[in-house]
Structure formats: C-alpha cells, structure tokens
Amino acid sequence: MHQAANEPIIEARGVAKFFTQRDGAAIEVIGATDLAIYPERIVALLGPSGSGKSTLLRILAGLQEPSSGKVLWHGQPLARQRPNVAIVFQSFALFPWLTVLENVEAPLQALGVEAIQRRKRALKILDTVGLDGFETAYPKELSGGMKQRVGFARALVVEPEVLFMDEPFSALDVLTAENLRSQLLELWLGKQIPTRAVFLVTHNIEEAIFLADRVVVIGRNPARIRADFEVSLAHPRDHQSPQFISLVDYTYKILTQPETEVLPPAAPATPERVRSKYPMLPRALPGAIAGLLEMLLDRGGRDDLYRLADEFGMEVDDLLPLVEAASLLHFVRVQEGDVELTPQGKRFAAADILAQKELFRAATLENVALLKQIDQTLRAKSDHAMPGAFFLGVLDDHFTSEEAQRQLETAINWGRFAEIFDYDADTERLFLPETQS
Amino acid sequence: MNIPPLPKLLRGRTWSRLADVAIFALGLAIFYGILQIARTWFGPYTPVVHISRSPSALPGYTAYSLLRIAIAYALSLAFALSFGYAASRSARAERLLIPLLDILQSIPVLSFLPGVMLAMVALFPHSQLGLELGAITLIFTGQVWNLAFSFYSSLKAIPRELMDVARIYQFGRWQRLTQIELPYAAQGLVWNSMMSVAGGWFFLMACEMFVLGERDFRLPGLGSYLQTAASAGDTPSILWGLAAMIGVIVLLDRLVWNPLIAWADKFKFEQVDGGSAPRSSVLNALRRSNLLAQIRSRTFTPITERLTLHFARRTGANALHPPQRWKPWCGRALAAVALVVVVYGVIRAGTLVAGLSGSDLKNLLLGSGATFLRVTAALLFGTLWTVPAGVAIGSSQRLARFAQPLAQIAASVPATALFPVILRLLIRAGGGMNAASILLMILGTQWYLLFNVIAGAMAIPSDLKQVAAAFRFGRFDRWQRLILPCIFPYLITGLVTAAGGAWNASIIAEYFRFGEQTLSTLGLGAIISQATDAGKFDLLLAATFTMAAIVVIINRLVWKPLYRLSETRFKLEA
Chain A
1 MHQAANEPII EARGVAKFFT QRDGAAIEVI GATDLAIYPE RIVALLGPSG SGKSTLLRIL
61 AGLQEPSSGK VLWHGQPLAR QRPNVAIVFQ SFALFPWLTV LENVEAPLQA LGVEAIQRRK
121 RALKILDTVG LDGFETAYPK ELSGGMKQRV GFARALVVEP EVLFMDEPFS ALDVLTAENL
181 RSQLLELWLG KQIPTRAVFL VTHNIEEAIF LADRVVVIGR NPARIRADFE VSLAHPRDHQ
241 SPQFISLVDY TYKILTQPET EVLPPAAPAT PERVRSKYPM LPRALPGAIA GLLEMLLDRG
301 GRDDLYRLAD EFGMEVDDLL PLVEAASLLH FVRVQEGDVE LTPQGKRFAA ADILAQKELF
361 RAATLENVAL LKQIDQTLRA KSDHAMPGAF FLGVLDDHFT SEEAQRQLET AINWGRFAEI
421 FDYDADTERL FLPETQS
Chain B
1 MNIPPLPKLL RGRTWSRLAD VAIFALGLAI FYGILQIART WFGPYTPVVH ISRSPSALPG
61 YTAYSLLRIA IAYALSLAFA LSFGYAASRS ARAERLLIPL LDILQSIPVL SFLPGVMLAM
121 VALFPHSQLG LELGAITLIF TGQVWNLAFS FYSSLKAIPR ELMDVARIYQ FGRWQRLTQI
181 ELPYAAQGLV WNSMMSVAGG WFFLMACEMF VLGERDFRLP GLGSYLQTAA SAGDTPSILW
241 GLAAMIGVIV LLDRLVWNPL IAWADKFKFE QVDGGSAPRS SVLNALRRSN LLAQIRSRTF
301 TPITERLTLH FARRTGANAL HPPQRWKPWC GRALAAVALV VVVYGVIRAG TLVAGLSGSD
361 LKNLLLGSGA TFLRVTAALL FGTLWTVPAG VAIGSSQRLA RFAQPLAQIA ASVPATALFP
421 VILRLLIRAG GGMNAASILL MILGTQWYLL FNVIAGAMAI PSDLKQVAAA FRFGRFDRWQ
481 RLILPCIFPY LITGLVTAAG GAWNASIIAE YFRFGEQTLS TLGLGAIISQ ATDAGKFDLL
541 LAATFTMAAI VVIINRLVWK PLYRLSETRF KLEA
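Residue numbers (our numbering), protein chains in the order written: chain A, 1 to 437; chain B, 1 to 574.
Just so you know, not all the hints are guaranteed correct.
To be verified - Partial list, derived from the structure: chain B residues whose beta carbon lies under 8 Å from chain A:
| no. | residue |
| --- | --- |
| 1 | L162 |
| 2 | D164 |
| 3 | V165 |
| 4 | R167 |
| 5 | Y169 |
| 6 | Q170 |
| 7 | R306 |
| 8 | L309 |
The set of hints was computed from the structure by calculation and includes no laboratory data.
Beta carbons: idealized from backbone N, C-alpha and C, even for Gly.
Please construct the entire structure, taking both the sequences and the accompanying hints into account.
Listed below in structure tokens is the structure:
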C-alpha cells in the first residue's frame, strides 16, 4: 500500500530548533539533525534529561515546527498533511472526565467514525491491551499501569503508521514498567497491532536496548546525534546476557563522556561546536556531590558507573549530573564507564564539613567561570552586593531563559555552600558574607 | 442509530419514579412562571408599578427577581465563554482584552444604571421590556468579569499534553471544546458562577427601584418589595421579605449549587482519587430519573454526536485547504471600526467633562478623599473582627460545624437588601450618615474577609501548630510567628475583593432616598448617586471615571505588590 520497506515514513532533514532572545541572539536547543523513521523498526532516542529529546519527538510528530530544516512524511512536507501518527505520553494525558471507553473513542470521533463502528473498534483494542471489563471506569480509578494501557489503547485505536512514545514507562514502578514493556513487545513482534514503526524517547538505557532495533543517542546543549547504532540481539532479550551488558556499558560510556567522541564509524560527527563561555552547570546539589565522593572513597576510589547506579537504585538521570559536576570540579575522572577519584577528590571525601567547604570553594573558583565572575563582580562593587537579575542577564545570552534561571539557581546553591557569597531571597540580591567584605 | 448499551447499575425503581414526577412538576411550574412573566414584560410600559406589601405577593416578586438573575447569568456565561476563547486563542487579542478586563472590572457598576436604563427605555418605549432589559444588563455587568477571567485562565492552564492529544488526533473545534476546554474549566466556572450569582443579587436589589431625575422607575421584585417595606417602616413586611430572600437563597443552594458542585467533581483534573467527593442527594435523584435519561438519549446525545462528527469532517477537509484570504482582513476592518468608535467616545466624553465647573471638581477631589477614608476604615474594622473570629472558627472543628453554615446563610443575603432596613434603624438610633455608610460598607464586604481567613486558618499545617505548642509559644508569639504569616495570603485575597466591593457599595451607602427624604454625606459614591438623581451626566461620567481610576491605581500600587509578596514569601509549599 505504501512505498517499499526501505523508504522512510518520516524523515527529518537538518531540523534545528532555536529560541530567539530579546536582543536577537539565537539560543540553539537542537542542532541541525538528520533522522529518519523506517518501517518495521523500533527506534529509541536516548539522552540525558533536558537534552531536547521530547522537542525532537514533537517536531517529528508534527506538533511543533522546526526553526529550520524540514520534516517529510512519505517524501512530502509534513506541514500540509494529515499524518497518521499517535503518541503515548509519560503523564498518560488521559481525560479524567471521560470513561476508559470514551477516552479510547475520542480519536475516532475526531476522524468522523460513526458510533457503532467506533464502539466496536474501541472495544476490540481494549481487549487487545488487556483492559476487558474496565470500559466504564474513570481513569482515576485505575492504577498507573492500567492508565498507561488506556494510553496505549487510545494511541493504537487509530491504527497509526508511526507510534510515538515519550517516556511511556517512566511514571510507572519498576515491575509494572517491565510487564508493560514485554507485553508491548509481544504485540509488536506478533504483529497484533497495525503500527508500522515505533519511535521511543527514553532516558533509560536498558529500556532502549531491550526494546529497540536501533538506538540514537543525543547529547545536549544543543542536542545533536552522538551515536546511532543497531541492536541486533534476538528477542526476547536477556538483561543478564554478556552482549546485552556490553551494549549497555557502551551506551553508558557515550552518555558519561560528553566531551569526547565515542562515535562508531557509521555516524557523522559535527566537529565545529562552539564552546560556550559558561559551560553548563549540571543540576546537582553540593551535598549530593559530597555523598557520591564519599561513597566512591568507601569503594576504594574507583567503580563502574553502571554498577554504582544499579546498586543504589538510581536512574542514569539522577547519577549523571552528579558525576558531571564532580568531574567539572576535577574531583573525579571518568574513564571507560568508570569513575575514579582524583587526589583532590580523595582529600575532599575524607575531610570534615568545614574543610569540605574550603576545598569546594577552591575547586569552584578554579573551574566554574560563572562563580568566578560572580565573586569578582561582588568584590569590585563598593557595597559588595549585586541583584541576581544582573547575572541572569549575562546568562541569558548563552542559554534559554528557563535554563538561565536554572543555571543561576545551581550557581547560588554552590556559591552558598562554598561560602563565596550569600543570597537574600526577598531582595533577590547576592552579597559577600560579612567576614569577607 | 443504535448504540449497544453498556451494563448499568440497578436502579431503585420507586425512587426514580418519584424523581420523575418531581422533575416533571418542576418543569411545568417553571414553564407557567415564565409564561406569566413574559405577559407582563411585553405588556404596556408602566414605569411606576405599584409594589404591594402583602406577603401573598412575595412568590410572584421572587419569581420575577429570579428570572432576571437567570437571564443575566445565561448572558454572562455566553459572554464569558466567547471572551475567554477569544483572549486565549490569539496573542494579539490577549494583549488588548486582558488589560481591558482589568479596567472594566473596576468600573462601579451602579454608575452605569442611569445610562443603561434610559437607553433601554428609549429602545422599547411601549413595553415593560426596556426596564427589564436595563436591569438585566446591569446585573450582567456585575457578574460577567470574574466568569470571563476564570474561563480565560483555565484555558491558559490546560496541560500541554492534553492539547497535544487534540492536535495529534486532529480534534475538531467542537470536540476540543466539549472534551477538553469546557471540562477543564468546569470547576472554576462553577465556583465563579456561585460568586457571580451572589453578586447578581447585590445589584438586583439596588436596581429594581430607583429615581432618575424626575422619573421614578420600579420593577416588581424582591428588591423593590424590601425597599417599599423599609420606606413605609412596615416591620412585618420587612421580615417577610427577608424570610423569602433567605428561603430562595437556601433553596438555590440545595437545588442548584450543591448538585452542580457534586457533578463538577468529575472534572477535577486529577489522576488519582482525591478521597471524599462532594455529594448531593438532588443530583443522585436526577441521575436516577428515567425521564431525564430518556430526554438525554433522544435529544442531547444525538445532537452532540452530529456536531462532533460534522466538525470532525470539516477539520479533515480544512487540513487540505489553505485558510481563506479574507479572514485577516475581516478582523482588521472590525478593529478599525472599534478604534473609531472608541476615539469618538473618548472625544465626546472629554468635551462633556471639560465643561465641569471648578466647584464640581473640588467636590470630586474632596469626595474621593472622604470615600477613600471610609473604605479604609471599613476594611480596617472588617479585618479587626474577622481575623480573630475567622481564626477561631478555622482552628476549632466544633465551632466550625455550626458557625460556618450560619455565616454562609448570613453572607448570602445581599447587603443591598438590608441597606434600607439597617439605615432606618441607624437613623432612628441617632447615628450620623457617615457612620451608617461605613457600617454598610463593612456589611457588604466583611464576608470576603471572613471566609478567606477561615480558609487560611484551616490550612495552617498541623506540624507547625505542634512546633508552636512544643516550644510553648506565648499568645503573642503564636500570632506573630505562626498564625498571621499563615493566613496572610488568604487575607490579601479577601482584602482585594473587599476593597473593590467597598468602593462599589459607596454608591448606595453614601446616599439614600426614603420616599421624599434624601440622606447623604460627602463622598464620591454620593456624588455619583446625586448626579444620577439630577441627571447631570457630565458629573456622573467624571465621578465614575475617577472611581475606576482610583480602584485601578490602588490595585496596581498596593494590592499587586502585596499579592506578589504573599505568593513568594508566605506561600506554604509542601
């Protein structure tokens, strides 16, 4: 009915997204990216949080316009068509005022399907996803896993050519997520659902490797493809098998080493990347960074990241910012998926709280351009105080305004811990502590 | 078409039959009432209706008042929906409409009264319809703004994912409205409807009977009944009128608002069951009714089905056609016409006001000062009694159980209905008009304060209370460190509403006519009323504008900063 299997259903050519600041400068969120979705495949888009994965999904699904580049649907510009796609959301996005059945019927109503036909199709798909008997329930009466089943039913009932999934299992507990993943895979492999391709956005490495035929890893600030590889393990995949583990390890390496290129030869590299004057501060609290370092010291100063995360039940997403922050401060080195304490890191981990503050202060003033600048500005001013908005203005030239806000918040957290400056939340001013001014 | 039925719960048969009979009877009664009222409306123009003081006339009068409120409310709702929709759809419309709303809200409604009445009577010179429409228009302006704002802010707050669903599955306009936008806004709309209708009673009481220059306008209704009874000093009639008023309000609460709140509970945007849901036996009866179910499945369901499919197919067809060229031009032409009208209005108003004499302007200035002081005093006294009382009620379950319903009933009686009665008592007791007007302002606005303080006191987290107890805070410390900071945001919310209400109330509170006798004191409200009475439109316009400007300026300079403070520093976050 459609083109041959090697023609992409959706193809993004050089799509980029940037936000224009008031002064006309553009902040790039997604760098020029080529990405195609081919039939009969599950593609997983993997990346740290805040990397623009969801934005990329929304662009591919036609929910958002790219700032430049174009998206093609069967070779024709997407904007002027009615693409047959569906989305499953992390937050389920069900209508709480409609019953399960009405929720699933809603997209069919929009297609103009008559009542009898509509009900038949909805009941059939509810049966497929295992929601028999829940037709008249309201979403709030259901557990998280059941709600997401409704989410899947609503998406599948329109028989989409491409099924988009935006972190579909992230709001569920581990066991429920596992169960739902396997069942989805069963339906897909058994061709019980009419979908021709699946596009999954996730930050969970194992989930990507478990489900996908192809994994695309993106980095952030701006988002661009850092790796793009096939997963050819046979289904059902075993989490414990050596091939599975080595793939997970490999992906970990890519994610934890944002600066170096660990690209397999297939993917094109984009070398001209402008270094920002203010490298992005990872969103990590000083107390948590200290916790990580102390933990590493307890384990002999070096450990495998994947094992570390696994053992403490942390998602990559929780662990990565901590590792990034510690590495930015030269407390740890990341090598081949391992983290290792540096000599400063060891001293920090062994110190008491007051000495930790001293070391943290030295490390931040040495390595964090933003904090160094705040410190110099405050010292230069006669009253040793400055409104936070001033620094926000400086950051605004380098980040989107929400990100600038987050950057300043992180900087304030770090600066307060290091006792570089103090902050008055009422007046929103930064000032030097008494002892220094 | 035949939709396969879904399994339904067994119904109590006797109950459902009783409910059917009740609903049928109610429908018949309402139909008869509307027919009767319509006959007088389209009847000949009689500006001075004789208002009977007999209690037997009360049911009829109550029906008249109710119908006015109902029509005005329906119009307000329709306007609010289109306004909110327009403002949230286009960024350009939003920039214009939202500040406009802010200003319109601050214009004292009662100063519209003469203009609106004269215009309506001129439009329908030969029937009673003009007067009625005038009253309805006034109530409309009193209740529409908060509804419009509520709908607008609900639309803006719809989670992005829900709109994504609508876009990815290409919902038609109708489906988006009925399945996303209206349900999401329902909670806010119901609560604001209650507030609006309460506000409607306030203005209805004031505008059913008033004097404009030489002309004396009267509309049959509860408000005019109470005013007539108060003028005549007829205590039994006053009591009858008040009883009817309270009865209607309690009945409305049971038969309309309670079921509505219980019904709207399903539109709460929550993904988990929030525990105790509001209940209403009336709603349960309605749900059990076979009659209603029949009517629904015969009319409502097929109609919405048709509409949804119609719009769905249209959207599908539209997706392939580029939008028409003439649409933006239409909007531009409309905007140009609006601009011309506004400019013309401003010029005419300017020339009118420019003709005011120096003594008038001086009076305006002094009056503004006097009313400002009075409003401040009213807020101060109101706060002084409501804060301790509200905290006491809010922190004691036992007290709350009997005080809250009482306060609710007391609050629901529109202050304007009591004005003539209380004023008479006060004058007889020898208090001056100055004290009386402050008292009337307090009367009209204290409830906003009380209910907000109660809500604030109830929201004080119990762990903080335990801390205060553990550290043996003294009474002073407890108030200063725990209670006042906790209720601060609520108190500010109450004060903002109360201040607006007090300015508006000054128009009735500072100037009053008892039959031939006129009582008044220096004040902006009195100037507005006086100008209305004397038909001095230049002064009326200038005074109205002054009041609106004062309210807007105070909002910007005092309440907004305080509000921001309460949202940041005094916000209790989990």
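* Taking the closest Cβ pair, is L162 of chain B under 8 Å from chain A? -> 6 Å, holds
* Asked: Does the nearest C-beta of chain A fall within a distance shorter than 8 Å of the C-beta of R167 of chain B?
  -> 6 Å, holds
* Hint check: 8 Å Cβ-Cβ cutoff, Q170 of chain B to chain A -> 5 Å, holds
* To do: Report holds or violated for the interface hint on D164 of chain B, using the least CB-CB distance to chain A and a cut-off of 8 Å.
  => 6 Å, holds
* Mind checking the CB of V165 of chain B against every CB in chain A and telling me if the closest is under 8 Å? => 5 Å, holds
* Answer holds if the nearest beta-carbon of chain A is closer than 8 Å to that of L309 of chain B; otherwise answer violated. => This interface hint holds because 5 Å falls under the 8 Å limit.
* To do: Verify the interface restraint on R306 of chain B: the C-beta must sit less than 8 Å from at least one C-beta of chain A.
  => 11 Å, violated
* To do: Would you settle whether the hint for Y169 of chain B is holds or violated, based on the nearest Cβ-Cβ distance to chain A being less than 8 Å?
  => 4 Å, holds
Violation of the numbered hints given earlier is confined to hint 7; every other hint is satisfied by the structure.
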